[in-house]
Every structure is written in structure tokens, then in C-alpha cells.
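Enquirer: FYI, the numbering for the sequence shown is 20 to 242, going by the working numbering.
There may be inaccurate statements among the hints.
The following label-pair restraints were derived from C-beta to C-beta distances [what the hints assert, rightly or not]: (1) G58 to A97: 22 to 32 Å; (2) D186 to L59: 46 to 56 Å; (3) Y225 to G172: 21 to 31 Å.
Treat the hints as calculated values from the structure; they're not laboratory data. Cβ coordinates follow ideal geometry from the N, Cα and C atoms, glycine included.
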Amino acid sequence: MDGLAVLQALGDETRYLLYRELAGSPRPLGAPQLAERLGLHANTVRMHLERMREAGLVDVEPVHRGTVGRPQHVYALASGAPGLDFDPPAHAILAGLLAAMAERLGADSTDAEETGRAWGREASKRTRSGTCVDVLAKQLTQLGFDPSVEADGDGTRVTFLQCPFRDLAEAYPELVCNLHRGICAGALEPVGGNTGGNMEHFATLYDHDPCHVRVVAGSSTTA
Numbered sequence: 020m021d022g023l024a025v026l027q028a029l030g031d032e033t034r035y036l037l038y039r040e041l042a043g044s045p046r047p048l049g050a051p052q053l054a055e056r057l058g059l060h061a062n063t064v065r066m067h068l069e070r071m072r073e074a075g076l077v078d079v080e081p082v083h084r085g086t087v088g089r090p091q092h093v094y095a096l097a098s099g100a101p102g103l104d105f106d107p108p109a110h111a112i113l114a115g116l117l118a119a120m121a122e123r124l125g126a127d128s129t130d131a132e133e134t135g136r137a138w139g140r141e142a143s144k145r146t147r148s149g150t151c152v153d154v155l156a157k158q159l160t161q162l163g164f165d166p167s168v169e170a171d172g173d174g175t176r177v178t179f180l181q182c183p184f185r186d187l188a189e190a191y192p193e194l195v196c197n198l199h200r201g202i203c204a205g206a207l208e209p210v211g212g213n214t215g216g217n218m219e220h221f222a223t224l225y226d227h228d229p230c231h232v233r234v235v236a237g238s239s240t241t242a
């Protein structure tokens with residue numbers, strides 16, 4: 020990486036602030052998200068991000084929402100870009116260590132799914148209103164999955180536009196993707212007056228379709 024190009028790119032205060040946001044984020048971010056955080060116009064942010072991409076500091080990736088229109092672009096630090104002490108927070112490091120420990124101790128996909136299901140079940144009890152899909156979408160939003168909810172025949176498709184667990188999912192797919200699967204299943208279980216929903220299909224990072232869950236009416240989550 021050209022050191023002079025890096026210094027020139029980060030010599031601008033706005034680009035420096037954008038770089039700090041990206042370096043400290045556990046997941047890629049879109050221009051609108053960065054604009055909101057920094058109080059800037061999204062077009063201004065895109066202009067600076069392009070300058071940083073040209074300098075080799077950031078990578079851009081299109082994210083398809085599954086609908087007609089242009090894909091959203093998200094940005095992350097490029098491989099080999101300097102951290103500048105803006106590393107991800109300690110909890111991200113801890114999550115990686117715990118995943119490595121779970122794998123070493125023999126935890127499997129069933130263990131991961133049951134752990135996620137218990138968490139999702141308890142979290143859904145704290146969401147006091149809405150359908151089971153509303154409850155699931157709220158949980159996924161809080162976790163950083165940026166869910167997109169749309170009707171899908173006799174059911175509902177919830178697409179995960181972002182994955183805050185992506186790095187871990189790539190390293191430990193059986194554990195992390197099934198943990199997420201369990202979270203979704205637990206969120207869809209009946210709570211109070213909510214009749215729950217049936218998780219008919221769950222697509223992971225390694226399926227052909229973008230990561231998503233398909234929910235149909237029902238009282239069980241036996242996908």
C-alpha cells in the first residue's frame with residue numbers, strides 16, 4: 020500500500036472520521052449509515068469513500084435487497100489497511116475467542132442452535148407487541164442484521180442485508196450460522212397472545228440465496 024497515498028487520503032478531516040467509523044465497526048457500513056453518524060449528506064460521504072477506495076483503504080461490496088432497483092453499497096476497511104488503533108471493540112475479540120473455545124470443546128451445530136433458541140425466546144418476551152415477524156425483525160435490527168421484510172406467497176421473507184457475525188460465520192460456519200438460526204426460531208415461538216410462526220426455511224451465508232428466513236403462519240418453528 021502506498022504510504023503517501025494513505026497520508027493524503029486521511030489528511031482530510033472528513034475522510035479521517037469516516038475511516039475511524041469503518042475501522043471500529045464489526046460490520047460493513049453503507050453511505051447513509053455513515054452520513055447519519057457524522058451529520059453529513061450521503062453524497063458527500065460517497066465522494067470521500069470513493070477517494071479512500073482509490074487509495075486502497077476501503078473495499079466496496081454491493082448488497083442486493085431482493086427487489087428491483089440498484090443495490091446498496093457497503094464499505095469496509097481493505098485487507099492490509101492500517102488499523103490506526105481504531106480496532107473493533109473488545110467484545111468482538113471476546114466473541115472470536117469464545118467461538119474458538121466452543122469448537123475446541125466439541126460444541127456442534129445442535130448446541131449452537133439450542134443456545135440461540137433460548138436467547139431468542141427470552142428476548143422475544145421483552146418485545147411486548149406485534150406479530151411474530153415484528154418480534155423477529157426487532158431482534159434482528161437490534162443485533163445489526165438490517166432486516167428487510169416482504170411478503171412471499173403465503174408467508175413472509177426476512178432477508179438479512181447485513182451480518183454482524185460475518186467474520187465469525189466465515190471462520191466457524193456450523194456454530195455461528197446455527198446460533199443465528201436458533202435465535203430466529205426462538206423469536207418465532209408463541210409468547211403471550213402471539214401465536215408464533217413456523218420457520219419454513221433458513222438460508223445461510225453459504226446458500227445460493229442471500230441469507231434469509233421464510234416464515235409462515237403456525238405455532239411451531241421446526242424448520
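Enquirer: Against each hint, give a clear statement of whether it holds in the structure.
Expert: Results of checking the hints against the structure:
{"no.": "1", "hint": "G58 to A97: 22 to 32 Å", "in the structure": "holds (25 Å)"}
{"no.": "2", "hint": "D186 to L59: 46 to 56 Å", "in the structure": "violated (27 Å)"}
{"no.": "3", "hint": "Y225 to G172: 21 to 31 Å", "in the structure": "holds (24 Å)"}
Consistency with the previously given hints fails for number 2 only.
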